[in-house]
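Residues per chain are reported as follows:
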Amino acid sequence: MAELEQRDQWASRWGLILAAAGNAIGIGNLLRFPGQAGQNGGGAFMIPYVVSLLLFGLPMMWVAWATGRLGGRKGHGSTPGMFEQLWRNPAAKYLGVIGVALPLVFCFYYTYIESWCLGYAWFSLTGDFVSSPGHTVHMATYLEEYLGTTTTTSYFPGYTTTITFALITVLLNVWILYRGVAKGIELLAKIAMPALLLFCLVLVVRIFSLDGGKGTVWDGLSFLWTPNLGALSNPKVWVAAAGQIFFTLSIGFGSLECYASYLKDNDDLALTGLTTVAANEFVEVIFGSLIAIPACAVFFGADQVANIAGSGTFNIGMIAMPEVLRSFPGVEFFGTLWFLLLFFAAFTSSVGVAQPVIAFFEDEVKMPKAAAAMIVGLFWVLGTIPCIFFQRYGAVDEFDFWAGTIGLVVFAFIEVILFAWVFKMKNGWEELHRGALIKVPRVFYYVLKYVTPVLLLVIFGWWFKDAIANDTLAPVPKVQYAVEDIPQYEGSFAKGAPLPSAGVAGDGAKSEAAAIRKAVSDIVMAREHDMFAWAAAQIEADGRIAVQSLQGDPNLLEALDAAALERLLALEGFHYEPSSKERAAGLAAQPRAVKLQVEGWHRAPYLWLVRVIIIGIVLAFLVMIYAIWRKRAAVAAAAAKAAAEAEAQP
Amino acid sequence: MSIEPILFMCLTMGGVLGLNVLCIILWLRPNARHPPNDARAAVPDASDAPAKPAEP
Numbered sequence: 001m002a003e004l005e006q007r008d009q010w011a012s013r014w015g016l017i018l019a020a021a022g023n024a025i026g027i028g029n030l031l032r033f034p035g036q037a038g039q040n041g042g043g044a045f046m047i048p049y050v051v052s053l054l055l056f057g058l059p060m061m062w063v064a065w066a067t068g069r070l071g072g073r074k075g076h077g078s079t080p081g082m083f084e085q086l087w088r089n090p091a092a093k094y095l096g097v098i099g100v101a102l103p104l105v106f107c108f109y110y111t112y113i114e115s116w117c118l119g120y121a122w123f124s125l126t127g128d129f130v131s132s133p134g135h136t137v138h139m140a141t142y143l144e145e146y147l148g149t150t151t152t153t154s155y156f157p158g159y160t161t162t163i164t165f166a167l168i169t170v171l172l173n174v175w176i177l178y179r180g181v182a183k184g185i186e187l188l189a190k191i192a193m194p195a196l197l198l199f200c201l202v203l204v205v206r207i208f209s210l211d212g213g214k215g216t217v218w219d220g221l222s223f224l225w226t227p228n229l230g231a232l233s234n235p236k237v238w239v240a241a242a243g244q245i246f247f248t249l250s251i252g253f254g255s256l257e258c259y260a261s262y263l264k265d266n267d268d269l270a271l272t273g274l275t276t277v278a279a280n281e282f283v284e285v286i287f288g289s290l291i292a293i294p295a296c297a298v299f300f301g302a303d304q305v306a307n308i309a310g311s312g313t314f315n316i317g318m319i320a321m322p323e324v325l326r327s328f329p330g331v332e333f334f335g336t337l338w339f340l341l342l343f344f345a346a347f348t349s350s351v352g353v354a355q356p357v358i359a360f361f362e363d364e365v366k367m368p369k370a371a372a373a374m375i376v377g378l379f380w381v382l383g384t385i386p387c388i389f390f391q392r393y394g395a396v397d398e399f400d401f402w403a404g405t406i407g408l409v410v411f412a413f414i415e416v417i418l419f420a421w422v423f424k425m426k427n428g429w430e431e432l433h434r435g436a437l438i439k440v441p442r443v444f445y446y447v448l449k450y451v452t453p454v455l456l457l458v459i460f461g462w463w464f465k466d467a468i469a470n471d472t473l474a475p476v477p478k479v480q481y482a483v484e485d486i487p488q489y490e491g492s493f494a495k496g497a498p499l500p501s502a503g504v505a506g507d508g509a510k511s512e513a514a515a516i517r518k519a520v521s522d523i524v525m526a527r528e529h530d531m532f533a534w535a536a537a538q539i540e541a542d543g544r545i546a547v548q549s550l551q552g553d554p555n556l557l558e559a560l561d562a563a564a565l566e567r568l569l570a571l572e573g574f575h576y577e578p579s580s581k582e583r584a585a586g587l588a589a590q591p592r593a594v595k596l597q598v599e600g601w602h603r604a605p606y607l608w609l610v611r612v613i614i615i616g617i618v619l620a621f622l623v624m625i626y627a628i629w630r631k632r633a634a635v636a637a638a639a640a641k642a643a644a645e646a647e648a649q650p
Numbered sequence: 001m002s003i004e005p006i007l008f009m010c011l012t013m014g015g016v017l018g019l020n021v022l023c024i025i026l027w028l029r030p031n032a033r034h035p036p037n038d039a040r041a042a043v044p045d046a047s048d049a050p051a052k053p054a055e056p
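Here the protein sequences come in this chain order: A and B. Heads up: the first sequence runs through residues 1 to 650, numbered per this note's numbering. Heads up: the second sequence runs through residues 1 to 56, numbered per this note's numbering.
Read the hints as simulated data drawn from the structure, not as lab findings. Cβ coordinates follow ideal geometry from the N, Cα and C atoms, glycine included. Check the hints yourself; a few may be wrong.
Just the calculated beta-carbon pair ranges, DEER-fashion [as the list claims (entries may be wrong)]:
#, chain 1, residue 1, chain 2, residue 2, range
1, A, ARG88, B, ILE6, 52 to 60 Å
2, B, ILE6, A, GLN488, 39 to 47 Å
3, A, ILE168, B, ILE25, 48 to 56 Å
4, A, MET374, B, LEU17, 53 to 61 Å
5, B, ILE25, A, LYS641, 51 to 59 Å
6, A, ALA302, B, ILE25, 34 to 42 Å
7, B, LEU17, A, SER311, 42 to 50 Å
8, A, GLY127, B, LEU17, 33 to 41 Å
9, A, GLY496, B, LEU17, 37 to 45 Å
10, B, LEU17, A, LEU473, 37 to 45 Å
11, A, ASP522, B, LEU17, 54 to 62 Å
12, A, ASN266, B, ILE25, 18 to 26 Å
Reference listing, derived: stretches of chain A covered by chain B, where coverage requires no fewer than 3 residues with Cβ under 8 Å from a Cβ of chain B [said to hold, decoys possible]:
#, stretch
13, 35-48
14, 285-291
Turn these sequences into a full structure, and let the hints steer you where they fit.
Next up, the structure:
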């Protein structure tokens, strides 16, 4: 019992619920959900969404809580020890390694993303991304330069700012974890969660009072909620809804299990799990649909909402939203609020995901909390480095694919099989109902046993098929182009439909553009290094870019000349859009010089490095588990031998 | 804005709000008001503890 006495514990039930809700509520609630809903049937998306919630979201939530409390009873706060309670087999602890290694990997890149929100909150407060005369801030380039995904340096000369905010964020996380469950995670949740709700409310009021843009909030709501019932016949929509449920509830991280391990034996699990889901859905469905998309609809207009929603989570949050907020008075206040909201949502999630790793070092390695926090912090800082410096090669996406996508489903599948089939559903059901304040409907007994595992397999298969179809697994080079010294242009550079000068449209234009990119990509792949070229070009009166000359890496020039680059730009609809002020002054008709930078990033070594890091971390935990359990067995054997000898003494 | 999106929005948001209200009501029931989890260290692990003898 000595080890149990030293374990952390929750100070209050509400603190636990707030912490669990904070763990589930993340950036995805506010940014991913509206994008997914809008693109996958609008209001009709809610049908597969609710079905997924009932068929595996809520059941997996209960499994996580029950598994966690079961493990906590024996002093295990991480899944290697917990899985051993579900399955008395030496292999069980090794399966549980996924619930420790992948959360650590997840923290590497998620905290980095979290640091963008902190950085942008600071930039909002200081008005850094507000344009001034002669210095236009283009939000897309601003983000790319902040992340270092392009080598132009109009707004950020290097990595200093990015590293500073990443380091602050990691240290904040480690500090909270060092303070422990009650004084750290729980206290953070008690402050951050009410603040998060307050920020949401203020932003909703602000957005609903915006006017003078190209559209109204109702355009955004109409886009999000108009039901396209025909979409329900598309399996992709059902998988998208299932995926959203997966990400939003933080299932498959081992973090809820860890939180539950600090519960008492007869504490409720059923109502706690249900309340966690309810709180998460409150933020996701209500605030997720009332903030970002309606705000974008007001500023960009109804016809642009679909493009923005489809542009991805970070484009909505870090490009479109600041664009909206800076266009109306009070960007310093409302912009800071928006990014602090995202930061708090991410912060309460990242500490939750990291806690099982801390618990592993505390409970299994028997380290003091300070040492555990220090060692995890050290790995955390080291793991964030490749995310920062190799982001341009796709390191964050690669980490996310293995640790934040495929790994989650694999972990959840193993967990539900162990719980429902190995531990036996009858025992699991009893465990769930021990001290329960509500009776879970019996139908979930069968759902958990039969439906949830099958659904998890389907999701895994679909995602893996998608990854192969989209070449996610093949580290092909990335080819991109950027405008140099962009702050001098008041208008914006945008991609869109093929320009009339291209002479083709639709799939023809797409395949021709892909062929030009592939030629460059093949050269980069063959020569095995990054390649750059610089083009002198001119913005024509109609906005198209005429390339006059191209100089740079001779290898790159083998695959791309000035004419081919100009053709690529036209095929991809890359053009200059004058600002309204320029239009009014008639400047649009005046051709201007522009310099372009072509970049070919050789991604393979960096993506393989990410994979090696993930494999290395998994192996390191496997070795640790092997050593710890072997030592325990030796100690137990020695104790048994001593007891036998004592008994044999006359 | 037509009636359909309003209907779907109100139904979904109403459902989510209802679920939250239900949870709050369930937590406010007298039997749900347990003391804070402050006694774990003192309470032996239930699975390890010997069965308590019946009261005479």
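> Which of the numbered hints above does this structure break?
Replying inline: When the structure is compared with the hints, numbers 3, 4, 7 turn out to be violated.
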